[in-house]
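With the hints as extra help, turn the sequences into a complete structure.
Protein chains: 2
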Amino acid sequence: MSSDDLNKRIAKYLDDHQKDYIQRLSDAVSIPSVSAWPEHRPEVVRMVEWTKSFMETLGITVELADVGEQKLSDGTKLKLPNVILGTYGNDTAKKTVMIYGHLDVQPAQLSDGWDSEPFVLTERDGKLYGRGSTDDKGPVISWLNVIEAYQKLNEPFPVNVKFVLESMEEYGSDGLEDLLKSLKNTFLSGVDYVVISDSYWLGKTKPCLQYGLRGICYFFLDVECSTKDLHSGCFGGTIHEAMTDLIAIMGTLVDNKGHILIDRLYDEVVPLTLEEEELYKPITFDTAAYCSEAGVQSTIQSEKDQILMHRWRYPSLSLHGIQGAFDGCGCKTVIPRHVIGKFSIRIVPNMKISTVEKLVENHVQTIMKERNSPNKVSVKLEHGGDYWIADPNNPQYVAARKATVAVHGIEPDLTREGGSIPITLTFQEQTGKNVLLLPIGASDDGAHSQNEKFDISNYMNGMKVMSVYFQELAKL
Amino acid sequence: MSSDDLNKRIAKYLDDHQKDYIQRLSDAVSIPSVSAWPEHRPEVVRMVEWTKSFMETLGITVELADVGEQKLSDGTKLKLPNVILGTYGNDTAKKTVMIYGHLDVQPAQLSDGWDSEPFVLTERDGKLYGRGSTDDKGPVISWLNVIEAYQKLNEPFPVNVKFVLESMEEYGSDGLEDLLKSLKNTFLSGVDYVVISDSYWLGKTKPCLQYGLRGICYFFLDVECSTKDLHSGCFGGTIHEAMTDLIAIMGTLVDNKGHILIDRLYDEVVPLTLEEEELYKPITFDTAAYCSEAGVQSTIQSEKDQILMHRWRYPSLSLHGIQGAFDGCGCKTVIPRHVIGKFSIRIVPNMKISTVEKLVENHVQTIMKERNSPNKVSVKLEHGGDYWIADPNNPQYVAARKATVAVHGIEPDLTREGGSIPITLTFQEQTGKNVLLLPIGASDDGAHSQNEKFDISNYMNGMKVMSVYFQELAKL
Ligand SMILES: [Zn+2]
Ligand SMILES: [Zn+2]
Ligand SMILES: [Zn+2]
Ligand SMILES: [Zn+2]
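Sequence lines, in order, name chains F and V. First residue of the first sequence: 1, per this note's numbering; consecutive thereafter. First residue of the second sequence: 1, per this note's numbering; consecutive thereafter.
If you are wondering where the hints come from, they were derived from the structure by calculation, not from laboratory data. A hint or two may mislead.
Stated by the list, open to error - Cut-off 25 Å, straight-line C-alpha distance, at most; resulting in silico cross-link-like pairs (DSS-like, lysine-lysine):
#1 F:LYS257 <-> V:LYS376
#2 V:LYS206 <-> F:LYS376
#3 F:LYS257 <-> V:LYS332
#4 V:LYS257 <-> F:LYS376
#5 V:LYS228 <-> V:LYS433
#6 F:LYS228 <-> V:LYS257
#7 V:LYS376 <-> F:LYS304
#8 V:LYS475 <-> V:LYS94
#9 F:LYS332 <-> V:LYS304
#10 V:LYS228 <-> F:LYS204
#11 F:LYS19 <-> F:LYS181
#12 F:LYS332 <-> V:LYS380
#13 V:LYS228 <-> F:LYS257
#14 F:LYS332 <-> V:LYS257
#15 F:LYS433 <-> F:LYS181
#16 V:LYS206 <-> F:LYS228
#17 F:LYS71 <-> F:LYS332
As the list claims (entries may be wrong) - According to the in silico footprint, chain V covers these stretches of chain F (three or more CB under 8 Å from chain V):
#18 15-29
#19 229-235
#20 301-312
#21 340-346
Ideal Cβ placement from N, Cα and C applies to all residues, glycine included.
Quick look at the structure:
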């Protein structure tokens, strides 16, 4: 049978079983596996068990890896959910693909503003609403559904597959990096390609492959003015208030055009080449849709290419908030004694975390010297994650491009993401192989928002792309 | 009997009963009458009942005034505690003094950092620690203890007294202003003087009388950038973030010397005269103690008079915090959709609230025009309260000065307060009479802090001053 015929048979089988796939996703969504809620940990474990059972019915060998305990803020410890290590096929004549995904979800409650119960998968207008539908239960189940389809059709699977399915992704992937490092010479050895479907198309209609992610440097800017909170009536006007210093410093970080005002911060950013510029030209991007999805009036940049570059290849700085200040409703006339400003810088090739850290420190010191304030001020890099960049002309990317053309009839856009998926870098480092980000959800899926959804068409086409992608890999 | 002899007898009686007074304050403090906690409302009511009983044993006629309901944030309604209206004596040959105080307290829990249970009055080194000890249960009970002492000694009381004791002071005095307006021609008519003991000395050792309070204009600066919270990875660098605008505007309000940068804001401030400057000279003020009490490194001004003037007779601006931004621990990479900056301006003679409001609006508009941001920005005066100023040479002040000299052997400082006690102005308006602020607690009592305390010496001397003050009033 030609591979075209096979693809048609698989596609027909998938189409014929749409109802079953929706039911399966519904079963998964009904388990509220919220990793951020310690009291929901049994539900996370139940989700791991559910997935393990499903995988085992497909003949996938499953091992549960213990990744230790999580330390809660009250000091108690809680067992982390096991990581699923799955092995499907062991044919040395075949390529081995490692698939990563996660089974935990973001918190959700109806009262957050959902139009239907978040843990009841609800179909409206061809969209499946529910927490985890697109992030990341839908994609994980898609991979498994594809394996099932080959089995039902008695077709040999084109590649060996290994699975790493964790359940703490939405809460920092506790323990996963150490686990992967420990598996470098065992479970991870022999892997030829790594693929991750845990991101989203650039828009709602055109598929894309992603070859880059920005990193992040998250800073805590700490200002202390007094040993206790003070009353603004008694002390206002006579003391150097911590908030005045903090707001002043935070106000010097970024201008109204999004340009970062920290001296020399752009020095390490790779210059834009004409060749790179060309990469942006074919990308379909609907600025109006982007604005309406975010619910903003307008973007800072007006040109499409410029908008994308500022999402992907230039650093950005966001002010997230302040810890320790008055944050409630109403009027409170407090002078907070100790406030911590939170801001982060998205970093891009070839910015080094250590350089960014040093430049931010210098900046804060310079401003404080000008202010001549007696308050204790310090800035610390609370968290740093490197950017990631892959070669979009790597054979794995070419295979995925072919699969996309076969299913969607169109070349996928080659894009990047503005955020970080730190595990991408870990997989690249521990396997030494190419990592592909293969999103199947749409840009408006609202992964971490109210009314998260997964379009049925994305679910179905996603599986078809996955299937062809496996076959294309087998041809390499 | 000469008044000197009487004063000696009263003083001796008070000294002999110190233990009883401490026990009485202990009983009052043991009732956790926290007005800010709706579920504690029964305790507030219990405190009202306790006080009513005590007053009735002294022969004070007590009426409980219903001031309606409080609307909670969840929409439900809760009955406000009754206001105690007390009448003691009705001799038309005597002066009538109206005493205001409050029976509710600030929230407190051991875990806030108290060294002993906040609702168990605990004596250490001559200080009585407990929530409400100095604010305002101690002073209220002091007035009543003095009446009791005259009775026990079979001495006629020098004046008629009226009491207004509310129990929502720490939560905005809901309903009190309306009540006082309604009582203008009944309960409040015939009042000759109003006295309030609900503030503190300027330092720890020298008594003072207060003749001025700053007012306040509390602003909400509202910035909205999008219809939902956004992820800084996906949107950072391409959109006008609400926090960037908010922090930028908040950063233009006040400089590092505490000088307010809003155009023309100082225009209405009364110019400093040589005469007024003289008033500051005799005031005892320990800058080092002020700093150590607040736990700050240093003050903005180095001269004593300048510090006091910036607390009392110049406006100040404090940045309190931001509602809607990330305010928790840890790192969250959110771009908040809607943030509300909270700041307030303390106002002084002759600043008009309406002028301040207009100038702040102009300022925000000017800055936003420069920023050229598409975000929705508005600033609104959420709460305004006028300054208050009295004549420190009014006969009531002279009486209190004499009483202070009689007990402490020293002229009290004539001071102002930097904060507002809005009810002061209401009493002045509704009675048309002079209002005296007669603090008996010390500057380090920590009224709204952990380890609030009331020195036994302040308690005892406070009652003695009150007693002589009544007699001096009778002589007018
Ligand atoms: Zn995800
Ligand atoms: Zn997610
Ligand atoms: Zn008070
Ligand atoms: Zn108070």
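Right, here's what the structure says about each hint:
no.	hint	in the structure
1	F:LYS257 <-> V:LYS376	holds (16 Å)
2	V:LYS206 <-> F:LYS376	violated (32 Å)
3	F:LYS257 <-> V:LYS332	holds (23 Å)
4	V:LYS257 <-> F:LYS376	holds (16 Å)
5	V:LYS228 <-> V:LYS433	violated (54 Å)
6	F:LYS228 <-> V:LYS257	holds (21 Å)
7	V:LYS376 <-> F:LYS304	holds (24 Å)
8	V:LYS475 <-> V:LYS94	holds (10 Å)
9	F:LYS332 <-> V:LYS304	violated (28 Å)
10	V:LYS228 <-> F:LYS204	holds (18 Å)
11	F:LYS19 <-> F:LYS181	violated (40 Å)
12	F:LYS332 <-> V:LYS380	holds (15 Å)
13	V:LYS228 <-> F:LYS257	holds (21 Å)
14	F:LYS332 <-> V:LYS257	holds (23 Å)
15	F:LYS433 <-> F:LYS181	holds (14 Å)
16	V:LYS206 <-> F:LYS228	holds (24 Å)
17	F:LYS71 <-> F:LYS332	violated (34 Å)
18	15-29	violated (count 0)
19	229-235	holds (count 7)
20	301-312	holds (count 4)
21	340-346	holds (count 3)
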